[in-house]
Amino acid sequence: MAYTDAVRSRFRKILEEVREAGLSKDERYIRSEQGVKIMVEYPRGSEPREVLNFCANNYLGLSSHPKVVEAAQTGLRERGYGMSSVRFICGTQDIHRDLERKMAEFLGKEDAILFASCFDANAAVFEVLFGEEDVIISDRLIHASLIDGIRLCSAKRDSYKNANMKHLERKLQLWKEKARHICIVTDGVFSMDGILAPLDEIAALAEEYGAIVLVDDSHATGFMGKTGRGVHEHCGVVDKIDIITTTLGKALGGASGGVIAGPKEVIEMMRNRGRPYLFSNSVPPPIVYGALEVIDLLNETTELRDRLEENAKRFRTSMAEAGFNLVPGETPIIPVMLGDAKLANDMARELLEKGIYVIGFSHPVVPMGKARIRVQLSAAHTNEDIDHAVAAFIEVGKKLEVID
Amino acid sequence: MSSEMRDKILEFIRDEYLDDEDQVIDEGTSLITSGIVDSFSMVSLKNFLEDEYKISLSDEEASAEAFNTLNSILKLVRTKLGSE
Ligand SMILES: Cc1ncc(COP(=O)(O)O)c(C=O)c1O
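As you go down the protein sequences, you meet chains F and C in turn.
Our numbering applies: residue 1 is where the first sequence begins, and numbers increase by one.
Our numbering applies: residue 1 is where the second sequence begins, and numbers increase by one.
Any given hint could turn out to be false.
Partner residues aside, some chain F positions facing chain C, computed with beta carbon under 10 Å [to be verified]:
hint	residue
1	S138
2	I147
3	R151
4	N164
5	H363
6	P367
Just a sample of chain C residues kept apart from chain F, beta carbon distances all over 10 Å, derived [stated by the list, open to error]:
hint	residue
7	M5
8	L10
9	E27
10	G28
11	S34
12	N47
13	K54
14	S56
15	A64
16	L76
17	L81
Bear in mind the hints are in silico, worked out from the structure with no lab data behind them.
Backbone N, C-alpha and C fix where the C-beta goes; we use that ideal spot for every residue, glycine too.
Go ahead and model the full structure; you've got the sequences and the hints to work with.
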């Protein structure tokens, strides 16, 4: 036992600072399955009540979809609960490989490989592919898991201002003679702003300067683009994005799991050298069955992503008409800009009182002075749900003098 | 010399990190603690200083403290130039 009072008091002091800065992570208990209508216990210990959920990444409403739940139950019955093994020892069922093939096909890539999460996929991908002679040039707003993945790799690093193509081109010029490979890294959708990376322009620059492009499409796979393949489809560059990483933990059923899709050599390198792949347990069979069902559903019809697109439009239009300041965009992530951190938190709290579950984001998650409420639409929201949310926003917005 | 160095580095920082043309920064503006430069994008500032002044900065030297203000950056570069 060396967990001394000194150690304890140091940790306590840090936690105290976190609390004082108002940055404590305060989890709210949901007493129902995930969905558009959920039962939330808040404040802690109070009677759970039904609210409309506008803050999940449940973009297609598949988290508790009857067909997905049923498929997972079948998986549980037919293939058991867990694998108790990494993939290469005795953790690979034929269904794991089926899902990898289906994901590759869905994303328009040669092959794909499954991870326990997209965080793991991003932690694996750079270290395997790049070394000291290479440079990774990343957008300044990429997800934390990409940053950590890049940090794990010995390649040189550089970055460009968010979605700023002039700046990216300057970086490409700077590095083109100085590196063996150049890899451009971006999120497909930037989840705090709900804006897209200009993948068509990135692909064109990559071609001109001979760079590899890696996109994390976690907030797009399943619904962006005409058939929901992602931002690369939306931008018309399915063939020009080399590597895609994405998650099964958002639109695609929301359970867990990550995917890397790309050229077959890249995938084979991951299978042989990806540390989170080699040293972490296999995705459980019920989740694999569920994800297979999700991909089948999305291949059958674009109904869900079409509905999501309409829902996002409906919300954006009504909120803009009401006078709210939104970040313009084409995604179902819609930030309502408020500026002040306290205002964002007050507004989110008042909206929850009115049965609308949204979250306020402030510094350091978003830049100082750019606090906001982030609203996320789902295909499972009805028109009434959306109108109800807008009405609540208007009422609270007037009360807090955000709108006239 | 020194005001030339100051102007040059300031121009690089503006160009490399600021989105908003009107944002005012000077020798004392905290770059890191204010989030203008984060620990990840700091590397381009390091590359720039190394290239421009033909110096080599170790990871310890290129610390968040040393890069926090233009003043501390100038001090670091001058120390390096003096010692090389
Ligand atoms: C862009 C992006 N990449 C990766 C992840 C991590 O995905 P997972 O939950 O599968 O680890 C997230 C989720 O927060 C994300 O938003």
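The hints, checked one at a time:
1. With 10 Å as the threshold, the beta carbon of S138(F) comes within range of chain C, its nearest partner Cβ sitting at about 8 Å, so the hint holds.
2. With a cut of 10 Å, the hint placing I147(F) at the interface with chain C holds, because the nearest CB-to-CB distance is about 6 Å.
3. A least Cβ separation of about 8 Å between R151(F) and chain C falls short of the 10 Å threshold, and the interface hint therefore holds.
4. The beta carbon of N164(F) comes within 8 Å of a beta carbon in chain C, closer than 10 Å, and the hint placing it at the interface holds.
5. Residue-level restraint check for H363(F) holds (minimum Cβ-Cβ distance to chain C is 7 Å; threshold 10 Å).
6. Hint status for P367(F) relative to chain C: holds, with the closest Cβ pair at about 6 Å, below 10 Å.
7. Every CB of chain F is more than 10 Å from the CB of M5(C) (nearest about 21 Å), matching its label as outside the interface.
8. In this structure L10(C) is separated from chain F by more than 10 Å, as the shortest Cβ-Cβ distance comes to about 17 Å.
9. Annotated as non-interface, E27(C) keeps its C-beta farther than 10 Å from every C-beta of chain F; the closest such distance is 20 Å.
10. The Cβ of G28(C) sits about 17 Å from the closest Cβ of chain F, beyond the 10 Å cut-off, so the non-interface label holds.
11. A cut-off of 10 Å between C-beta atoms contradicts the statement that S34(C) is not in contact with chain F; the least separation is 7 Å.
12. Taking the minimum C-beta to C-beta distance to chain F, about 7 Å, the non-interface status of N47(C) is violated against the 10 Å cut.
13. Against chain F, the non-interface label of K54(C) holds: every CB pair exceeds 10 Å, the least being about 16 Å.
14. At roughly 14 Å, the least C-beta separation between S56(C) and chain F is larger than 10 Å, which holds for a residue marked as non-interface.
15. The beta carbon of A64(C) is kept farther than 10 Å from every beta carbon of chain F, the shortest such distance being approximately 14 Å.
16. The non-interface label for L76(C) is consistent with chain F: the shortest C-beta to C-beta separation is roughly 20 Å, beyond 10 Å.
17. Against the 10 Å criterion, L81(C) stays outside the reach of chain F, whose nearest CB is about 23 Å from its own CB.
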